[in-house]
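As a plain string of letters, each chain reads:
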Amino acid sequence: MQQATTAPGLDRSLAERISHETYYQTVFRRFRRHRPGFISLIFLGLMLLLIAVTPLLSPYGPNQITSAFSAMPSAEHWLGTDQVGRDMLTRLMTGSGISLFVALLATVVSTLLGVLLGLAAGYFGGWIDIIIMRVTDIVMSFPYLLLVLVAAAIFGPGMWNIVLILGFVNWPGMARLVRSNVMSLRGVNYVQGSQVAGMPTIYILFKEILPNTIAPVLIYATSVMAQTMLDEAALSFLGMGVQAPTASLGNLLNVAQSYTILETKPWMWLPPGLMTILLVVAVNFIGDALRDAFDPRNLQ
Amino acid sequence: MFERLGYVGPLLDVRNLRTTFSSDWGQKEALDGVSFTVSPREILCIVGESGSGKSVTALSLMGLLPRNGKVLNGEAFFEGRDLLKMKERELDEIRGGDMAMIFQDAISSLNPVFTIGNQLIEAVRAHSSVGRKEAREEALGILQRVGLSEPELVLERYPYALSGGMRQRVMIAMALAGKPKLLIADEPTTALDVTIQAQIMQLLRSLCEETDLSVILITHDIGLVAQMADRVIVMYAGQVVEQSDVQVLFNSPDHPYTQGLMQAVPSIYDDKARRLVAIPGTVPEHYQDIEGCRFASRCAYKVDECDLPQVLSYVASCESQMNFPHCVRCHRAARGELPPYGADERCTPVDVVAQISQAPAAGELKNETKGDTNGRRA
Amino acid sequence: MIRYILKRLLIAIPVLLGITILDYFIMSLAGNPMEMMIGPRITQAAIEERAALLGLDKPILVQYWNWLKEAMQGNFGYSFKQNLAVTRLIGNNVAPTVLLMGLSLVLSMLIAIPAGIYSAVHQYSKTDYAIVTASFIGSSVPSFFLALTMVYFFNLRLGWLPSSGMTTLGTAWSLTDTLRHMVLPVGVMVFSVVGVNIRYIRASMLEIMEQDYLRTAKAKGIGRRRVINKHALRNALLPIITIFGMQIPMLFSGSVVIEQVFSWPGLGLLTMSSILNRDYPLIMGVSLLSAVVVLIANLVTDILYAIVDPTIQYT
Amino acid sequence: MAEERKVLLRVENLRKYYPAHSQGLWPVKEFVKAVDDVSFDIYEGETLGLVGESGSGKSTVGRQLVALEKPDGGSILYRGTDLVKMSDRAIREIRREIQMVFQDPNSSLNPRKHIREILAEPMLHHKLVDKAGLDKALQELLDLVSLPRNTLGRYPYEFSGGQRQRLGIAKALSLQPKLLVLDEPVSALDVSIQAQILNLLRDLQKELKLTYLFIAHGLGAVHYISDRIAVMYLGKIMEVATGTELFCEPRHPYTLALKSADPLPDPARRGGLDIVLEGEVPSAVNPPSGCRFHTRCPYAEASCRTDVPPLVAVSNGDIPHLAACPVWQRQREARQ
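Chains as they are written, first to last, in the numbering used here: chain H, 1 to 300; chain U, 301 to 678; chain L, 679 to 993; chain W, 994 to 1329.
Chain H with its partners taken away, still in its complex shape (with noise of 0.2 Å):
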């Protein structure tokens, strides 16, 4: 009745290519076409490089106390120094490292805990999901920051309390976010088929259930480690947080607490502000590159 005619566009060679790439060749394929995303993970690459070579290249030390005090950026400061002297530009690689460092340890101890935590609660349901739950509830009532605090004040500031710190708010998110995985992954088929094989409770929890919660998790461990970031500045500006001499973003803006600094210095604040925002748009654009990458909808 009519003719058939040519196929519309198909690249045959890439289809060829895609129906065969496992899941991750699939998922990073899909990363690296989020633009923001892959920048993103490119300038973090590259900052962090720049952060480990700064030791070797800076003629000064981060809390090495030179002659200028509050110099204007120059040839031998390019972004000046602070009051006491020391060099800006060094304090800022260091301070972002330390920033980034407490940003990761942290969001790594809050995802640990969630993990495990939602992991138990979702599979074994019943009162070890109720007491969990409750715990997290608690958690999760408190408005946050004052939670962090109230914690820091108590176990003391410094760099180590608070990673364990804000490790510990953070879990509750996750926890919940993995439960509800592991409870609906419960009823899959192929955990099912494992418990009626008989395989064992930890090899259902660790091999079938816990590689198909990555995903989510991951998305949510950048959106965490962006937020830890932030509260890491605030708590640090507070006088909470990293303590002097040791320098971390945060801190470094509490200078400007003083109005003076403020209006006469910008070299000293505007800086790692600036560095702030680069680092959690970073963190932020790479979060959501993977929830476009690792999206059910668009995998095959």
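Derived lysine to any residue pairs resembling SDA-like cross-links, with alpha carbons at most 20 Å apart:
id, chain 1, residue 1, chain 2, residue 2
1, H, K207, W, A1113
2, W, K1063, W, L1172
3, L, K685, H, D137
Residues from chain W that face chain H, not an exhaustive set, calculated with beta carbons under 10 Å:
id, residue
4, R1085
5, N1099
6, S1101
7, L1102
8, R1105
9, P1115
Honestly, the hints are just simulated from the structure, not real lab data.
Backbone N, C-alpha and C define an ideal beta-carbon position, used for all residues, glycine too.
Once you have looked at the hints, place chains U, L and W on chain H.
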């Protein structure tokens, strides 16, 4: 069955419909040159497996394709006007009015936060300028027509509070609200139990007989096709592979795929000793690249010639039925080269009528029972 | 419905108790507040006397029990530092915070709801990209840094707006004066939460746009406008309620930082000082209050949910 | 198989009541009676079909056999030992002999694992093979379900629905079970694939001397594969008989209704055959008293509301035909 189908020209005339979906690696073809017609007051069944393009056909016609879907070309004349050239606004005059559609999954197809009344009255008022009160009256009438016995109550309910069968009846009621000439039913009973399916099918058939309604029934169930269709379109891999009057199709399916489909379905009337004839293999994944017959890789009758493009052509033996020509997209079948189908090993169906007649008639007894309980004789 | 609310309240009680326990015991780890008072003019004996007076010499469990008993009767003790009733201190500071938070909440929702919905409905459009990018950057700015920048520009450079307190010192109270004082803190607060809200609402709306029932609505031929304005929007109420509930604790946290920067005389400022002074009864009072507020917010969210979503059966 | 039929599995008075409200502080008074007093035997080497509409409890029965649900009462005697009473540890070895094939092949394989892992891990855990023999065992498994041998390194998404179901079957077979619970194994598949899987299951049964419990709602498929068929309605068994007997001479009105609702693939015989049941399956929360079917039964009498009809033999052939409807029987006899 034939008499009520006096041919007056097609209600819907679809020509060379091509729809694609954009995917990771470019445009993926879903429909390749689908053409068919629907006559007034007939039931046309589109049968095929998942991915054959039967639902995409319906969605293309209704302008309801998802974001990544696109009709590349083709024409679809509904009472002479091309649906595919219409703007959204023009299409909206026809959608839900002269042409309505119901979907497979009634629970997700009804908005959970509005009452049935709200959604049904909205449908009534979408295509007629009646007031709220009259619309309500009309809605009640339609609910009764689709066999919901307590329409007042149903109007107040939210979708979640209804059973599966009732929801599908409500969907049908919403479709009927615009007094359609054509109803597209996309697997309306796949999610329902068989006894409920029987009820819904009975309802569709009676609607068809009582009003001037044409129905496109999309299904994968060959049994339903036999029970419901006037005419049948068989789809495979985005193409129409065979179309025919239902009697003709079941007596002599010509396309090897159609034959396979009919033999692959086990029936309760089968002789158990008979082995099902399964179609080997699976639907090819990137079928748009296959120039020749798309079924060839699974076909028992394949010859070299099958790698050439195939067209839908008349079956030689069917010239007498020009209104409903029997067409097949298989050059060998069209030339009558394939061995005749019909080595039908099915055992004769045991007649249910006979069984029922052994027992008291259903209605009779129901009354008796009622008398029983009312009169307390026992 | 009443039974449902009662049930939710019953569930809230153990959570509230848990919060007080957690609070109290964490604080007991902190060490003795008496340390703060040690000074040259105070003898050891005086400290002990005072500790006995405050009940700090008793075991922690007894202390907690005493505190709880008093709290049940509405007595939350006296501030160590200021020698005022905790309830009174909180009472004095609550109004400015409520004002700040309330206005910020309303404004952020007024921006986020239309922006999020517009962005979702016009997915992949230029405006969508702009809104999404802006919300990303917006939610990545530390609020205190934004506050500093605002102060720098609008106060120090331009001199347009005041940057601290609720009123100009030494002048009589006037509405315009207070409003001028509110511009910067409210602006910063709104900015720091609106990005997250937009993204949440947009994501929820996108999910709704893919639902089958929107296809049904479209199939009725009621027009795109009505499909979105009626069928999609009504379902978007649920995520909007959720974000509303999530907002309360977020704003509470935010107020600590913002109030500090802008010297806003609210609960945040009180909290900071109580923490710095290890003023136990005051910290307990503030955290209990905030927990109650959060629990009430959750409860209200749940109730609103039950009203909006007919599939939730509150039994 | 007539004379020396050995009972492999005997189910006696099996019950499963779910609380109607899952959460709450107040004690639950209402229960969903998903499975209520169900008894049947499965003989060694046979296929027992279990049909019913949604809510009939047929899947719950299957899930109880493989311990995915804990029965609230009754016993499951496998070769004479009661699985319900045994401790989890003691039961593990026996449990291996009862495996399950699921309805949805897409979700029965872990998408993050390749086929080798999916098939090998349970076998290794149960020490059915050692590392040395693993490859050979895996090849044999693939041969059994007619999949190419080179697929072991692939991931589940690289397979079509039918192939995935073959893998699901291979996974169940890897533990060398005696009894397979097949929970709607072809319902999610395309028609042309269904026949492949049904034939495969029939061949496997012959080859490996398996016993099947085949759960499905499609009458045709059940008839094709089963030796005997049990019909369930609202948690109770209504009728048990061989397929031919069941469909040629149903002794329960519900079976007749099911049969006539099954669309006959013959356009020449349309309509007229139907006795279309009115209404829908009532809620399993507080199900109807007496005979559960009486609310929809065209033949119901007053006694049906009060008396629970027992499942009794209505004919005594080699394989007994059981039905739970004395009323219809009587009516038919009176009519003749």
